[in-house]
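Chemist: This is what each chain is made of:
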Amino acid sequence: MIRLIDIYKSYDNGTKALKGVNLRIDDGEFVFLVGPSGSGKSTIIKLLTAEIAPSDGRLMVNGYNLNNITPRQVPYLRRTLGVIFQDFRLINKKTVAENLTFGMRVVGATPREIRKRVPYVLELVGLSKKKDMRPDQLSGGEQQRVAIARALVNNPSMIIADEPTGNLDPQRSLEIMMLLERINELGTTVLVVTHEKELVNRFSKRVVAIESGRIISDGTGGYYNNETTI
Amino acid sequence: MRQRFNFTYFLSEGFHSIFTHGLMSFAAVCMIVACLLIMGSFSLVAVNVGGMLGDLEQQNEFFAFVDETYSQQQVMDLKTRLEQVPNVKEVTFTSKSQAKEDFAEKYEGTENAAMFQDLPDEVYRDRFGIKVVSIEQFGATVKAVEEVEGVVNTRAESEVANGFVVVRNVASGVAVILVVMLVVMSLFIIANTIKLGTFTRRDEIAIMKMCGATNGFVRWPFVFEGMLLGLAGAVLAFFLQWGVYGLIGQAITSSDTIRLITVIPFKNMALEVLGVFAGTGLVVGVGGSMVAIRKFLQV
Chain F
1 MIRLIDIYKS YDNGTKALKG VNLRIDDGEF VFLVGPSGSG KSTIIKLLTA
51 EIAPSDGRLM VNGYNLNNIT PRQVPYLRRT LGVIFQDFRL INKKTVAENL
101 TFGMRVVGAT PREIRKRVPY VLELVGLSKK KDMRPDQLSG GEQQRVAIAR
151 ALVNNPSMII ADEPTGNLDP QRSLEIMMLL ERINELGTTV LVVTHEKELV
201 NRFSKRVVAI ESGRIISDGT GGYYNNETTI
Chain V
1 MRQRFNFTYF LSEGFHSIFT HGLMSFAAVC MIVACLLIMG SFSLVAVNVG
51 GMLGDLEQQN EFFAFVDETY SQQQVMDLKT RLEQVPNVKE VTFTSKSQAK
101 EDFAEKYEGT ENAAMFQDLP DEVYRDRFGI KVVSIEQFGA TVKAVEEVEG
151 VVNTRAESEV ANGFVVVRNV ASGVAVILVV MLVVMSLFII ANTIKLGTFT
201 RRDEIAIMKM CGATNGFVRW PFVFEGMLLG LAGAVLAFFL QWGVYGLIGQ
251 AITSSDTIRL ITVIPFKNMA LEVLGVFAGT GLVVGVGGSM VAIRKFLQV
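So the sequences go chain by chain: F and V. Going by UniProt numbering, the first residue of the first sequence is number 1, and it counts up by one from there. Going by UniProt numbering, the first residue of the second sequence is number 1, and it counts up by one from there.
Quick caveat, the hints were computed from the structure, so don't treat them as lab data. Hints may contain errors.
[Said to hold, decoys possible] With a cut-off of at most 25 Å between alpha-carbon atoms, the simulated DSS-like pairs for lysine-lysine come out as follows: (1) 143(V) x 131(V); (2) 93(F) x 96(V); (3) 96(V) x 79(V); (4) 195(V) x 94(F); (5) 116(F) x 130(F); (6) 19(F) x 197(F).
[Stated by the list, open to error] Incomplete in silico selection of chain V near chain F, CB under 7 Å: (7) 63; (8) 207; (9) 213.
The C-beta atom is built at its ideal place from N, Cα and C for all residues, glycine as well.
Assemble the whole structure, with the sequences as input and the hints as a guide.
Modeler: In structure tokens:
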């Protein structure tokens, strides 16, 4: 569960990225966070992953109070989150399966756990047959599937996807969104940060719109419906 | 959940990284070898001179001549007072007649033998042979003894001792300065080697951190890399030092002019040298990697 209560964030250069953001995302939800460039979307992601700390306000993520989280606790917070990026961030010198293995190994998973979990997740994202290929031998959509698989491999309670379809064509983008929807149906909370309005409107999900550091709408049924429930 | 320490993973990653940046690793090892060799050479010179000084301390003795008007009782009192002088280790009394016998024995069989045998006892004087604790205070001790009432004068040959003291002090001083300079340089080179590794793997590190890797998990492979580089340098330097020391020792002992200098066999010090080299290599390697990785952990 995510709770942002009256969150403010100012950077050292004086930029006020967030100005009193209130947001609650419950377990099992699928939420789109939309807004133009510079609206504060990426700042919210960085706050949620504890890359940066809020200037003011209260912030809770998956049971961790990020206002007073210690550096030692940060890795354990991140293990409850699976993060997906626009540029995939895969290790090209490793195969698809090795990328997943790597994701599990860094959190101390045993070889037995790895052997059990990796094929299951590859099956889930439809990449079982490409497990021995390297990411640079795959299409963009497939690479993003690998990134999703890596995000899922440690069984996080929440997936945070930062512009996951930014580098993909419309058809691949739709496939990725459908995959994320399926993952959500299996019980994982999903937060998708995007500015692709058409894609958002194809799904009947909760949409939180942010602009100039403030949430301007929060509702279900598409970006353009303006069904504000703040 | 506490993460287990995956020794084989860290070691293999560290080992792999050494070969990925082969040239820099080679440069780092060479630097460590050079540093340890220079440090070791100066230290071994200091140790050898120290050993010779120790021998000198055992042998070096100066004489304090006693006032001729002193009675036997006064001479015994004087001995007690001399023993109380700082840095005096041992005081041995030699009477006039004993001194005469010693001389006669010393020159027996030489052309001067008859000259010493015919001399009356009065030509000689009662004396104390005095040994010192530390040869570095030899001159000061002689001076202090001269000031003791009842001592007429002294005879001391302090030039040799002073020469060794100077050599030892210079060697030790130079060794300390060089060690500090070279350790800093080695740290810098190792840190740069590791930094290169962390730079090429910065994306990987960012992924690791995003997946929830602890700082320790990210740091350990680089620490192992530094450790391996440091140890490799130490082992190489040890064998090179052994060879160089052996060659120089052999040259000294086979030389007619400088064979008076005694060289401590390397085998007698091998364990200590290996220990110091390995310790220094480890400190430099681990220290360098810690310095290098610090920045990349702030993700």
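Chemist: Each of the hints needs a verdict: does it hold here or not?
Modeler: To see whether the hints hold, each was checked on the structure:
{"no.": "1", "hint": "143(V) x 131(V)", "in the structure": "holds, 14 Å"}
{"no.": "2", "hint": "93(F) x 96(V)", "in the structure": "violated, 92 Å"}
{"no.": "3", "hint": "96(V) x 79(V)", "in the structure": "holds, 16 Å"}
{"no.": "4", "hint": "195(V) x 94(F)", "in the structure": "holds, 22 Å"}
{"no.": "5", "hint": "116(F) x 130(F)", "in the structure": "holds, 17 Å"}
{"no.": "6", "hint": "19(F) x 197(F)", "in the structure": "holds, 24 Å"}
{"no.": "7", "hint": "63", "in the structure": "violated, 72 Å"}
{"no.": "8", "hint": "207", "in the structure": "holds, 6 Å"}
{"no.": "9", "hint": "213", "in the structure": "holds, 4 Å"}
The structure fails hints 2, 7 (numbered hints given earlier, in ascending order).
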